[in-house]
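Respectively, the protein sequence lines represent chains A, B and C. So the number in my numbering is just where the residue sits in the first sequence, counting from 1, plus 4. So the number in my numbering is just where the residue sits in the second sequence, counting from 1, plus 1. So the number in my numbering is just where the residue sits in the third sequence, counting from 1, plus 19.
Some clues are possibly wrong.
Under 10 angstroms between C-beta atoms, here's a sample of chain B residues computed to sit facing chain C [said to hold, decoys possible]:
1) Ala31
2) Phe36
3) Phe46
4) Ser59
5) Pro76
6) Ser147
7) Thr182
8) Ser202
9) Asp300
None of these hints come from the bench; they were simulated from the model. By construction, the Cβ of each residue, glycine as well, lies at the ideal position given by its N, Cα and C atoms.
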Amino acid sequence: MSTESTDKHLDFLEHHFSTPQQQAESAKLGMWVFLLTEILLFGGLFLAYAVYRSWHPEMFYNAHLFLDRELGTFNTVVLIISSLTMALAIRSMQLGKRKQTIWMLVATLALAAVFLVVKYFEYSHKIHLGQLPGKFYTFDGIEGNNPHVFFSVYFLMTGLHGIHVIGGMFAIGWVLRRTIRNDFSSAYYTPIEMTGLYWHLVDLVWIFLFPLFYLIG
Amino acid sequence: MDTTGTLFLPPSGSTISGEVDFQFYFIYAASIFFFAVVTFASLLFVVRYRRRGEPTRSDAPTHNTLLEIVWTAIPTVLIVIVFVMGFRTYLKMHVVPGDAMEIKVTAQKWFWSFDYPEGASAVNELVVPVNQPVKLLMSSQDVIHSFFVPNFRVKMDVLPNRYSVTWFEATQTGEFDLFCTEYCGKGHAEMIGKVKVVSESEYNNWVEAGAGPAEGEGLADYGRRLYVSKACNTCHSIDGSGNVGPSFLQKFGAEEALADGSFITVDENYLRESILNPQAKIVAGYDPVMPTYQGLLKDREVDALIEFIKSLKDGQ
Amino acid sequence: MSTLEKAIADTNYLKDPPGIKNWLFTLDHKRIGVLYLYGIMASFLLGGIFAMLLRLELLSPDQVIVDADTYNQFFTLHGAVMIFLFIIPSIPAALGNFVLPLMIGAKDVAFPRLNLASWYIYVAGAIICLYSIVAGGADTGWTFYTPYSTQTSTAVISLTFGAFVLGFSSIFTGINFIATIHKLRAPGMSWFKMPLMVWALYATSIIQVMATPVLGITLVLLIVERAFGIGIFDPAMGGDPVLYQHFFWFYSHPAVYIMILPAMGIISELISTFSHKKIFGYKMIAFSSLGIAFVSFLVWGHHMFVSGQSELAAMVFSFLTFFVGIPSGIKVFNWVATMYKGSIELKTPMLYALSFLFLFTIGGFTGIVLGSLAVDVHLHDTYFIVAHFHYVMMGGTVMAFLGGLHYWWPKMWGRMYSEFWAKISLALIFIGFNATFFTQFIMGSQGMPRRYATYVDTYHRLHAFSTYGSWVLGLGFVVMAVYLIHSLFKGSKAPANPWRSLTMEWETTSPPITHNFDRPMVLEHGPYDYDVIDPKRRLEDHKREVSK
């Protein structure tokens with residue numbers, strides 16, 4: 005190992021770890037446990053979804069017709085590609101290709117932004133029609149009991165997912181800045197890897213949300 | 002069947018309470034036994050193996066498979082017995098006998114009302130015949146309440162969006178406390194009624210008479226009785242003290258400031274409106290929490306209550 | 020004082036690095052543990068004041084000090100403060116933070132910055148919760164049952180939002196401990212060489228990370244329901260209030276084990292140390308912690324036996340509930356067996372452990388009474404429940420917490436407390452506690468419902484007696500506050516290992532140096548090897564090594 009990489013090695017190794025490997029493994033374990041808590045957080049909402057769909061299956065079917073399948077599919081593809089670019093960013097840093105990592109992170113950020121813009125148009129269309137949660141629901145034309153509950157669940161779940169997308173964008177922006185600042189090397193890229201894990205989860209949640217809301221039938 | 006109650010349990014008054022009490026005391030006895038063993042052993046060891054001077058090394062075993070299996074197995078067996086007994090009784094509590102009479106129970110902040118199949122109705126007083134299964138079909142007008150009669154060992158939540166059902170068969174005549182056991186706000190502790198268990202002939206008389214003034218009873222006196230039986234007293238005092246709602250003392254003819262800033266003189270029409278449509282004019286300083294009595298009171302009863310409030314004009 | 024001792028005294032974590040700023044931005048787990056200790060003690064004081072006021076109001080059925088509305092706010096805040104601000108963080112976040120890395124021979128927890136963040140989140144959550152007092156109080160009970168909580172005009176949102184924020188603090192501590200226990204154990208410390216306190220913290224952390232997110236989303240739904248009327252829990256909008264109860268208890272039942280499991284861990288340490296004997300049935304105790312953690316997720320429905328759920332559901336929940344009882348019972352038997360042929364020293368922490376055994380056993384048995392479906396119908400939502408969970412939470416968790424606090428007090432501050440006053444205080448607490456709460460078993464099974472601002476005359480004498488008991492209990496805590504604070508300034512200096520314990524935290528100085536140990540730790544013997552090791556000789560070895 006060259007002296008330069010040894011210096012870097014000392015930079016990132018925190019005092020309470022004895023080896024870089026121990027530090028990286030701890031971070032990875034902690035991140036996985038954190039992702040578990042995220043799944044359980046969404047789990048509560050999935051449960052609420054299941055309960056209300058089983059109570060009002062007709063209404064859920066009728067209400068879902070008002071979601072735009074094409075936009076939903078487009079957004080799904082966008083997120084899947086962003087997962088790929090994120091994975092490539094990590095791979096590039098493993099190979100020490102810093103420039104490529106930067107471009108891949110920028111691409112991921114851009115795709116996340118596209119997702120949010122599409123979501124913005126979907127939301128504003130619903131707000132315009134009055135297809136809103138709970139007592140704000142003013143739309144008239146969905147058959148079945150309590151159609152406002154469908155939109156309560158829809159806005160809660162996609163809204164919470166949207167917040168996670170925004171959170172993910174901050175995380176990606178942060179590792180992007182650190183990559184530009186030359187903090188990482190093929191020996192140390194844990195923060196990018198952790199951000200990647202998180203981003204895959206955000207993607208995964210959407211992959212469940214998409215069929216549950218857009219493809220009832 | 003015991004009627005005096007014990008240190009732990011109140012006198013039993015229903016067909017189910019004997020089983021519940023037996024199980025309570027069964028677990029109690031088993032617990033006392035194990036508790037005595039654990040406590041006695043701890044104290045014995047503390048005294049016997051008390052450290053004197055330097056600590057000593059011990060050659061006692063650090064585990065003993067047989068012992069560990071035994072003290073796992075015995076509680077397990079006991080627990081299965083307790084579980085089976087509890088579940089069987091629980092099922093009985095949930096299966097209403099076919100010959101049960103049905104009474105509709107409505108809970109709201111903060112009183113109980115009961116509607117009988119014969120058309121009679123009552124507030125905070127559930128009159129039932131002895132030795133006759135009674136099915137209660139319960140619902141709430143606002144938040145969750147819970148119907149609890151300690152002497153009958155009966156409890157069931159009363160929900161706002163669905164009916165819940167429970168039943169009991171009283172074995173003793175007399176008056177028993179009826180509590181709300183699901184926290185429901187300011188008047189929760191005062192949401193107390195009575196279950197009055199009477200003989201069948203008394204019950205029939207009561208149902209026939211329905212509600213109405215007794216022979217020779219003046220309208221104001223009848224109103225005073227309704228003030229208690231219809232639960233007005235939960236929120237309105239007659240001695241001028243403050244409560245959830247304004248006191249009735251010297252209220253009639255008085256000028257009241259309303260929440261919207263206007264003023265009103267308390268007359269018969271205002272009182273009638275406040276009973277049947279309480280949210281219409283709220284007195285300043287009070288929350289709009291009174292439920293409507295529309296349908297709960299007959300015209301004659303409203304008249305009687307107004308007459309009663311009038312009689313408080315110049316003090317009690 | 021030799022120069023060496025002086026050097027050690029100046030490099031202990033309390034003094035190095037010096038200054039308020041270094042304390043507030045510290046990444047040292049020991050300091051963060053102490054910061055948590057300040058937070059939970061302040062919360063305990065606040066919750067305790069509410070408790071004393073509640074008992075005072077119930078001295079007689081007439082209004083004693085406050086009206087029903089205020090009483091309802093008192094019991095809500097008593098419950099919320101004690102549960103969210105005191106008990107849940109008490110052992111894991113305060114004591115656990117301090118001792119966990121020391122016990123496994125690590126220099127710190129895995130993520131020190133996350134650790135500090137979780138303390139700040141705790142403080143922020145506490146402030147948001149307490150804001151609800153200023154904003155007019157909340158009167159829903161700590162369970163926030165809908166639809167009452169969506170209808171009442173009080174400050175429910177700030178209290179629930181505070182609890183939501185506190186949840187993150189709890190999750191972060193859990194994540195931190197799991198990673199620490201997995202990755203930072205000293206070489207040689209295999210899973211079955213870990214102290215049982217570490218096992219208990221591990222099981223607790225698993226529950227924290229798995230249950231707390233569900234509480235988080237439940238509280239979010241409740242807040243959104245209240246603010247926007249979304250119709251998930253509100254029956255007027257087509258929602259279901261019973262669904263809320265399922266959501267809520269899915270967290271809050273496991274939360275009970277977040278409170279009691281670490282307490283069991285402390286008791287294992289105390290009984291083994293003060294009996295100077297290897298713990299009986301180590302593996303059974305360790306596995307029963309994990310077993311309890313697992314089953315605790317499957318019993319939430321036993322809070323809802325009278326809510327109208329199906330008989331089948333009630334049957335399953337009742338059955339599983341009994342099976343949480345078994346591992347708890349096994350632990351009790353193991354602790355008693357540990358004392359057999361031991362060399363028992365009745366220092367204050369051991370007396371707390373014995374009090375725990377006594378009180379927790381009563382709490383456990385009354386849990387069996389409540390697990391039985393038919394009997395629960397009678398006892399549900401009465402003072403019997405109140406007494407039961409106070410026996411488990413206070414007689415169990417708080418007793419163990421106090422035992423642990425006294426046990427690690429010399430390690431934490433480098434000072435001894437007064438044994439004499441500690442025993443007086445414990446006697447007062449023990450007597451006062453039983454007078455207060457055993458009475459409540461009786462009035463509860465007699466039918467006294469909980470959360471009543473007033474009561475029918477039948478229960479007057481029992482209520483009054485319970486209130487007198489609470490005064491003795493309160494006095495016990497006042498005495499404790501005095502002698503503990505006194506010991507901080509005037510206590511005699513603590514040796515490194517005053518109890519001759521074999522776990523690793525006693526191998527460093529009291530108080531520990533900033534980086535915990537003066538050498539890389541390697542496990543040389545099991546945590547309870549009292550049958551093979553003479554602690555006196557070990558200590559001399561250690562001193563010799565230090566002076567080298």
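Comparing the hints with the structure gives:
Because the beta carbon of B/Ala31 sits about 8 angstroms from the nearest beta carbon in chain C, less than 10 angstroms, this interface hint is met. Taken as an interface hint, B/Phe36 checks out: its beta carbon lies about 6 angstroms from the nearest beta carbon of chain C, inside 10 angstroms. For B/Phe46, the suggested interface contact is upheld, since its CB lies about 4 angstroms from the closest CB of chain C, less than 10 angstroms. The interface hint given for B/Ser59 holds, since its Cβ lies 5 angstroms from the closest Cβ of chain C, which is under the 10 angstroms cut-off.
Taking 10 angstroms as the C-beta cut-off, the interface hint given for B/Pro76 holds, the closest approach to chain C being about 5 angstroms. Against a cut-off of 10 angstroms between C-beta atoms, the interface hint on B/Ser147 holds, since the closest Cβ of chain C lies about 6 angstroms away. A cut of 10 angstroms between beta carbons decides the hint on B/Thr182: the least distance to chain C is about 4 angstroms, and the hint holds. Given the 10 angstroms rule on beta carbons, the hint for B/Ser202 is violated: about 30 angstroms separates it from the nearest Cβ of chain C.
Given the 10 angstroms rule on beta carbons, the hint for B/Asp300 is violated: about 30 angstroms separates it from the nearest Cβ of chain C.
Comparing the model with each numbered hint stated earlier shows that hints 8 and 9 do not hold.
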